[in-house]
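Throw the hints in and build the complete structure from the sequences for me.
Residue numbers (our numbering), protein chains in the order written: chain A, 1 to 143; chain B, 1 to 143; chain C, 1 to 143; chain D, 1 to 143.
Since the hints were derived computationally from the structure, they do not count as laboratory data. One or more hints might be untrue.
As the list claims (entries may be wrong) - Straight line, CA to CA, 30 Å or less: simulated DSBU-like cross-link-like pairs of lysine-lysine:
| id | chain 1 | residue 1 | chain 2 | residue 2 |
| --- | --- | --- | --- | --- |
| 1 | B | K102 | A | K121 |
| 2 | D | K121 | C | K102 |
| 3 | C | K64 | D | K69 |
| 4 | B | K2 | C | K64 |
| 5 | B | K102 | A | K66 |
| 6 | D | K139 | C | K69 |
| 7 | D | K2 | C | K64 |
| 8 | C | K2 | B | K102 |
These are the residues of each chain, in order.
4 protein chains.
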Amino acid sequence: MKEIIYPVRVEFGHCDPAGIIWYPNFFHWIDSASRYFFEQCGVPTWAETTRTMGVIGTPIVDTKAKFLKTATYGENLGIHTSIPEWREKSFVLRYVVRRVNKDGSVDDIMEAEDVRIFAIKREDGKNGIRAVPIPPSIKVLCE
Amino acid sequence: MKEIIYPVRVEFGHCDPAGIIWYPNFFHWIDSASRYFFEQCGVPTWAETTRTMGVIGTPIVDTKAKFLKTATYGENLGIHTSIPEWREKSFVLRYVVRRVNKDGSVDDIMEAEDVRIFAIKREDGKNGIRAVPIPPSIKVLCE
Amino acid sequence: MKEIIYPVRVEFGHCDPAGIIWYPNFFHWIDSASRYFFEQCGVPTWAETTRTMGVIGTPIVDTKAKFLKTATYGENLGIHTSIPEWREKSFVLRYVVRRVNKDGSVDDIMEAEDVRIFAIKREDGKNGIRAVPIPPSIKVLCE
Amino acid sequence: MKEIIYPVRVEFGHCDPAGIIWYPNFFHWIDSASRYFFEQCGVPTWAETTRTMGVIGTPIVDTKAKFLKTATYGENLGIHTSIPEWREKSFVLRYVVRRVNKDGSVDDIMEAEDVRIFAIKREDGKNGIRAVPIPPSIKVLCE
Chain A
1 MKEIIYPVRV EFGHCDPAGI IWYPNFFHWI DSASRYFFEQ CGVPTWAETT
51 RTMGVIGTPI VDTKAKFLKT ATYGENLGIH TSIPEWREKS FVLRYVVRRV
101 NKDGSVDDIM EAEDVRIFAI KREDGKNGIR AVPIPPSIKV LCE
Chain B
1 MKEIIYPVRV EFGHCDPAGI IWYPNFFHWI DSASRYFFEQ CGVPTWAETT
51 RTMGVIGTPI VDTKAKFLKT ATYGENLGIH TSIPEWREKS FVLRYVVRRV
101 NKDGSVDDIM EAEDVRIFAI KREDGKNGIR AVPIPPSIKV LCE
Chain C
1 MKEIIYPVRV EFGHCDPAGI IWYPNFFHWI DSASRYFFEQ CGVPTWAETT
51 RTMGVIGTPI VDTKAKFLKT ATYGENLGIH TSIPEWREKS FVLRYVVRRV
101 NKDGSVDDIM EAEDVRIFAI KREDGKNGIR AVPIPPSIKV LCE
Chain D
1 MKEIIYPVRV EFGHCDPAGI IWYPNFFHWI DSASRYFFEQ CGVPTWAETT
51 RTMGVIGTPI VDTKAKFLKT ATYGENLGIH TSIPEWREKS FVLRYVVRRV
101 NKDGSVDDIM EAEDVRIFAI KREDGKNGIR AVPIPPSIKV LCE
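See the structure below:
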């Protein structure tokens, strides 16, 4: 199973009056990490897959997350990203947000899993999008 | 069970290149809705509870969310917030993000539940915070 | 000269470890206030002006801002918005971010002016947008 | 004059429904670039300068910015940061946001200048902060 690490530098402005990361920022980074995962696996941009197979992206269906330790600015995090499960028309992305401390020890700060789909625009004239079966040409690059 | 509605006006800048709310923004609003809930129930500010009982706030422990429909700018949402479950040292906040359409119909856009604690600073000289039993004087205002 | 007030409730998550509004958030609100100004003056949505006159919105050209006082969460601000100057192909939006204190006194927290254009898509096949002369039908609603 | 480059990867979530960077995000990055500048010049953290000389940071006094070209996700930017002017109790930070294109050409996307102070907490019992003369030990590292 491929794992890609998306690097994050925690900045002053990511932190709240308690001096720690304001938790919605984790979802900012996770959304970027999900796109970065596909990019690093060699999947073309969504602009290109839109042209070639109609796939406009991977909208989120649901998410769950646990906040394990706090982190603050000046720290560097890595978002370890993988796809542990492929279903027929959806898949699970898993993220572990990890901090490497100055003494070399490692802390898991947060972990999350979300379910996403490969989406195309509806062809029936109705507004909106719908899920398509997992494209084999994408799956093979990400396993 | 008390329910408080936190109003949100969806702005252009909340939306992504797909023209819909960029999902981390839901967590921005949910975090605000959680504080607004306590305020509307008559709970003093955390600055005041810090002085009177040491409680510095309600940090998040975990969250789960489902994204049901998309929404876009120009729309008005209400985040329906309640506390469906009280445990010994934590509690569950539930959020339903609802849109009232121009024809009067209602759409559930997103729903989430998070687990939070009432936190005080650790007294043992160690850095960090710890959970305290639910303060009865706060609980009675929120039920 | 019309003045429209866009209301802002300052939330915990808008503030930084110094406990005050993290200044980029002022630009979030100012961008929303600029759209709100047109809406309250009766200008149709950009989606509609795109159809009727090709105008897709009012992109920003430059901005300048002064930060006068700090503000924090739990406070309510009003962004007083007006158009003090119309040029041939651009216009100036002025914003004063004002706080009404509990004793009724008023503080100016921040002020800004930006220059914007009414933009249409380039017709010459090149990517991008270009400014058009100020549409009289919009100007008359905003003066 | 020292110049430090803060790298930015433009993500999907930084862009608006027009498909381009939502301009308040430039100020997010500029604020991070200002801190990064001092760090790369060898200035201790504000936590340390608070202990050694009372300096808690460099709050912003005013800013001005020009938006020159649009940019979008998938692009890499560098924020070229320098201090072109030192005054008695304030200084000017200059930022040029530059994109290196795939053909090696370079585009200036945005430029900004802000005025900042070195701040300490007021000693007169009043709430708030005040500017101190530029600390020579910091200035010498940044020139």
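Structure versus earlier hints - violations, ascending order: 4, 5
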